[in-house]
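In the order they appear, the protein sequences are chains A and B. Here our numbering = 1-based position in the first sequence + 6. Here our numbering = 1-based position in the second sequence + 717.
Don't take each hint at face value.
[Claimed, not checked] Beyond 12 Å from chain A on every Cβ pair, some chain B residues (computed):
1) Gln902
2) Pro933
3) Lys934
[Said to hold, decoys possible] Where chain A lies over chain B, by a calculated footprint (3+ residues, C-beta under 8 Å):
4) 791 to 804
5) 834 to 846
6) 871 to 879
7) 888 to 896
8) 976 to 983
Treat the hints as calculated values from the structure; they're not laboratory data. Being a predicted model, the structure only gives us computed values, none of them experimental. No residue lacks a Cβ here, since even glycine has one placed at the ideal position from N, Cα and C.
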Amino acid sequence: MEAVSLRADGRSKRRLRANALATGAAVGAAVLAIGLLVVLVGSVLVKAFGALSWNLFTKGPAVFGETGGGIAPAFVGSIMLVAIATAIALPVGVMVALYVSEFAPKRIGDQIKLWLDVLNGVPSIVVGLFVFALVVSAHVPVLGIGHHQSAWAGGFALAVIMLPLVARTAMEVLVLVPDNLREASYALGVSKWRTVLSVVLPTAIGGIVTGTTLAIARAAGETAPLLFVCSIFGQVVSTDPSQPVASIPVVIFEYSESPDHNLNAQAWAAAFVLITFVLVTSLLARIALERQRRKLSGGG
Amino acid sequence: VVKTLALTEGGWKAQPVEAASATTPPLGRTRRRYDRIGDRALLAITGFAALIAVLLIVAIAWKLIEGAWPAINEFGLAFVWHDVWNPVTNVFGAKSFIIGTLVTSFGALLLAAPLSIAIALCLSELAPPSIRGPVGALISMLAAVPSVVVGLWGIFVLGPFMRTTIEPFLQSILGWTPFFTGTPQQAGVLIAIVVLAMMMIPITSSICQELFVSVPKDVKEASIGLGATRWETVRGVIVPYVKGGVVAAVTLGLGRALGEAIAVTQVIGNSLQPFHFSLLSTGNTLASQLASNYQSAPTNIEVSSLVYLGVILLVITFVTNLTAQVIVHRFDRQRLGGR
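Bound conformation, chain B alone:
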């Protein structure tokens, strides 16, 4: 009522500036109020969503540690270097899974890193543009192949082929090392390494290709102009220019391999024996132990120990991915500063 009165009283042209806002037509006033509410509401809703996204990480860590708490209480940190996983006596330890995870992932890294860099160099430096597009697209498509399909292929195509052809061949050359002893089987650590390498290649090579393309043309041309061969240009100019980025790309691929559960479970054989030196024997990783026990953990302490494995896996991948991020950031800054 007071507001209406104020409006009818004042001839609003004669009003001083400060008072003018009080006498703007009601439509404008309510609209401005809506706008103020709307702005704040949108800020609150979107900010809340962002908070949820960030808190999700905290929630994951918290729920996992909570679930693993009985096992943490029972076994303590010794869980990490304890070798036995025995559901009968309820004694559990993660050592062989941790070693399995590291061996398969770094093995895959050794295979995939040179291949990825070679593919990226091929596509960015050697291939004519007409091949570059389709092949690059093909490779990035393959990053989209679900891991369960790669694992299916690993069981029925790669496994038998490795057993009958590749592994006997490796044994004939390297049989004297402890890494290639035993009988080749249809499932095993080496097959898991190959499967993981195939899953890393699309990720790593597509990032590397982007990096190599981003090297300024004048730097390459300067090197060629000085009489360097293409290989010398690659080795002396292109690779040093994007070194940090390549390391980050490989680390991101490693993060994927460390956490891969399904494809590894399908081909590694899931043995509960302590990790064996031989790459031909069956093995197990943190993620594959989780994936292969999803329906069969009867006791609470075994479930809790499985979640403990998840906590260890989370820590390992977290450190790996954060390292990759830090390298990327430093690399970006360095390059921006250097230009």
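Here chain A stands alone, though its shape is the one from the complex:
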């Protein structure tokens, strides 16, 4: 009786070895990349730890040569900028999405989607240049803007960044609103605009809000569009939108290149606050968006 060897040899051995090699390489590469990314977040946590204090949130920058101080003006400024941006991008974005999902023929809708994607791909520094040319270097005698940097201009630049994000997520959710809801409304004799405003929009509102939250998380961390339009600011808390205001990303950018170790530490602390805000909001928004999507597709 001859024993059959279950050990792979020859060609199959080579194939199995190639398989093991490829698997190992893939796992190794994945671990390396994930490791790098974990190190990134980890070092922000470690480096920020020493500099986090209550003063950071309540005080302005210290007088030159002194330690301490904080970045309160940047917190206030960032909130203002994001609020202005949201006030512009949310209504326009939802309108665009409504047009594409409720009115536009498919061909035009596809075109609009394509151009929104192209807008999303415009480098944010170019958006900054655009707003600089449009608002800052031009004379616009409305709201005290024009000829100088302002929070209005900064908010508008962030709105250009947010618009494609808001519009695309809103479209995705509006498409999921079941057609039988619309048809039920028409069957009751309700006109199209009332159907859109009182049936379609309320059904999709959860998804639109979460999409906007994701866009806010992105806008809150954008530095490049602000450099040209809202980056020369004073040391105190300012709430006048016709004047430039400080913002967290711009402060991190400036402090990171400063030779002063105290400011470097504050940059890490500000990065910690920013990263926490961005990660927590986008995580919550993603969970909510997923739930909303499942609910809508389940209902249809």
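Given chain A, work out where chain B should sit, using these hints.
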């Protein structure tokens, strides 16, 4: 007045059908008029918003070209292949920034593309579902880390580590090539490449993972059933099935890298020297030159030249992103047609 009369005169049951609409109660009539106005108003408002969104692209291109016009007039197309950036003599050229942009972005692409595909394959083919969810979420979270924070990390953590460990090591192996000459510094092209690759990986790998998951199970099972190993299935079935999509994903990542300004400015050193062969030396890109000069452009011609750089950057990213879109569309159609 006439309308009211018409209503009181007609016993409206006896009216012929065509006339009936004229005699419906006023409430219905005004409501229908409101509805007509409302429908049109909503169409007009939303259509106007869509028009604004599309025109925004045109406006961006127009305002940039307008701002760059003095420089375009002064230097013409020769700006693109001119090497000098000298604010003292007011002579400007974009060549070294264009090369810098291409070198850093394609360098990052070479690093990030294989890593992203490996991560995506790991998560879609190898990892058990219990790991897949959390790790996938972690990676997509990292796409949300602001670039200024990545740059901060690049300055204080990655830069010193590259200077003391990685770059001497590379030099000891590859020091004979022109790419690794010179003294390792805390800022430089190679560090910018690594930073950009880290920013590309989350984007590219999450799209690739979606693509690999979308490959139908029966195709994979057929391959396994024929006795192929997992690697052979990946190479012979899964990757060819989504090839177009992978190319598009990588191109989208490239678009992000080409336009990245802040993180690159923080780590590349922003030199105004003509672009150097060595990856260890400092350099500059279109976007980083813009970001590092935001407060310090005194003359009109220098501002205009900076905007000219923006125009070139816009053209490059526009072509890249449009290419990605076209690939995606063709890929979608092909796959729908093939099924």
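Of all the hints given earlier, name the ones this structure violates by number, lowest first. 4, 7
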